[in-house]
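2 protein chains.
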Amino acid sequence: VTAPRSGAEAGLVTLAEVRAAARRIRGSAVRTPLLPAPWWPTPLWLKPESLQPTGAFKIRGAVNALAVLDPDVRARGVVTHSSGNHAQALARAARDAGVPAVVVMPDSTPVGKVEATRALRAEVHLVPVAERLARAEQLGAERGMVLVPPFDSRHVIAGQGTVGLEIVEDLPHVGTVVVPVSGAGLLSGVAVAVRALAPAARIVGVEPELAGDLAEGFALGRRVEWAPDRTARTVADGLRVCAVSELTWAHVAALVDDVVTVSEDAIRSAMRDLVMRARLVVEPSGAVALAALASGVISAGPGPAVAVVSGGNVDPALLRDVLGPL
Amino acid sequence: VTAPRSGAEAGLVTLAEVRAAARRIRGSAVRTPLLPAPWWPTPLWLKPESLQPTGAFKIRGAVNALAVLDPDVRARGVVTHSSGNHAQALARAARDAGVPAVVVMPDSTPVGKVEATRALRAEVHLVPVAERLARAEQLGAERGMVLVPPFDSRHVIAGQGTVGLEIVEDLPHVGTVVVPVSGAGLLSGVAVAVRALAPAARIVGVEPELAGDLAEGFALGRRVEWAPDRTARTVADGLRVCAVSELTWAHVAALVDDVVTVSEDAIRSAMRDLVMRARLVVEPSGAVALAALASGVISAGPGPAVAVVSGGNVDPALLRDVLGPL
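Quick note, the sequences are listed as chains A and B, same order. All residue numbers in the first sequence are consecutive under the working numbering, ending with 326. All residue numbers in the second sequence are consecutive under the working numbering, ending with 1326.
Calculated from the structure, these hints are not laboratory results. Keep in mind it's a predicted model, so treat the numbers as computed, not measured. We put the beta carbon where it would ideally sit given N, CA and C, even for glycine.
Over 10 Å on every C-beta distance to chain A, these chain B residues come out as not near it, computed from the model:
1) T1014
2) E1115
3) E1216
4) R1268
Simulated pairs of lysine to aspartate or glutamate, DMTMM-like, Cα-Cα distance not exceeding 25 Å:
5) A/K113 x A/D315
6) A/K113 x B/D1321
7) B/K1113 x A/D321
8) B/K1113 x A/D273
9) A/K113 x B/D1273
Pulled out of the complex, with its shape left as it was, chain A reads as follows (with noise of 0.2 Å):
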């Protein structure tokens, strides 16, 4: 069973979706505040989406995906194929909605994963990692559940985009958003809302330079991939993605104003400095906007920018090597 396709043909996500969603996820995702960074030496202030159940903003899409089915449909159970943050973040949606959840995982994904996984109830299949898509919509055809996939859906990309809405509502003079970028779901919510509500606003994504596909596609005007091998360079896993889908890029090409890359080592410097001054345990993805900030390849003002730090999980050894040696 896949849900009803809503592609680029059916127009971009709109204001009163990203509103919705906001409505349906209060009391499932945190309502994060911004934290001014008065170490900062330009006005800046930190949306920490680290501090969400599961620990990065994937809650609010899989919260809002689970909310618009049908209750008959959503029964059944959802089905996904992630790695990363998303598989926890449906599995605890769909755990928290009395749903079975099942994920598709590549069978090199490291057992910390898996197991967090499984620890919120989800059924978890190892796969090829080439083979992780069409297991997926097996069975999900199988079994009746709904595919609920990491960005490339409307009812994703409107959970998400409440973290810009909550960014206007908070600080409505903002003038620069910077975002990380991996599918660009996140991305896309966020543009939806302060687009509309703060006109003025920049919006910038941010990839590390070893996993740039969209900068690359965004500086020739169209949607480019990138070989896997070649994004599985970067430290900052939770963006390894090769490619936005449709519906993710023509959202980023009507709302967005510019996709700029970040060094491995910029990465670094970044976390460490959302560690040590302004507290976040980050993962290296919840990190590349600030680094976009402090490289310079986003310049400062006007007005204030907001960074997502959109995610905080570490592995332990990664967060020891950040902060040393001293």
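Keeping the supplied structure of chain A fixed, place chain B upon it in accordance with the hints.
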């Protein structure tokens, strides 16, 4: 110049004073959310005061204490004696108010804390530890500056009490509120708000075993004082105050249900949980409330518990140490 003395003889801080403080600190302190802790076996929420500017709840009391001053008095500036989070909070509050701040610190203070306080444009005086209060009073008298003590002030207590106000706003049916204790300014203020608005809630203070002066006094029914070389042994450098004041003792005796202690191992273990599971960077002092729940000295339920995570100013070497070996 000394601010109007408002000791125990003037009565306990009132809910109205806490509400007034909440209005005064708006925009200066972060309205921190309650974070669910789904990884905890019983219903638990965290109040992450580590996310405040200067990394601790102290900004609340400092801003309130400055705001209540007569403008002519405030313009002359403020003085305090502190080596810890109160020093930086008062320095920041004074800078934001455009008035001078003088901070007297022991000459044994780690250079990083001195530098951080100077970076906030405070004038720092380093003196032998025993001379701190006398020097602060002398400087205040010479310059006509009001002394804003770390906890022995009803305006400071009222400011810290806004933590309790927000807890009850967000979780009206809270069952237990667990609060780190040093001079008991935070515990006193939280107790005022919680006792008034959620009368059935348990209010519990937590100290390190190695700095358990209030726990000992609570059991004896009278204020006791420990020797500084005794409390200096705990890793929780923010909780080494050797005695509460008459004013905070009056609040604790009247409003608090229990004061318990935790081991050094429990503090380190709770720090690790807060970093890896809640994605919060915490200092040892900020972890004692969770440590008390984890070590079973406070029973779970009835109703949900809130652990106040009071601060996040941790030395990176200690943070690395707590995270490993892996």
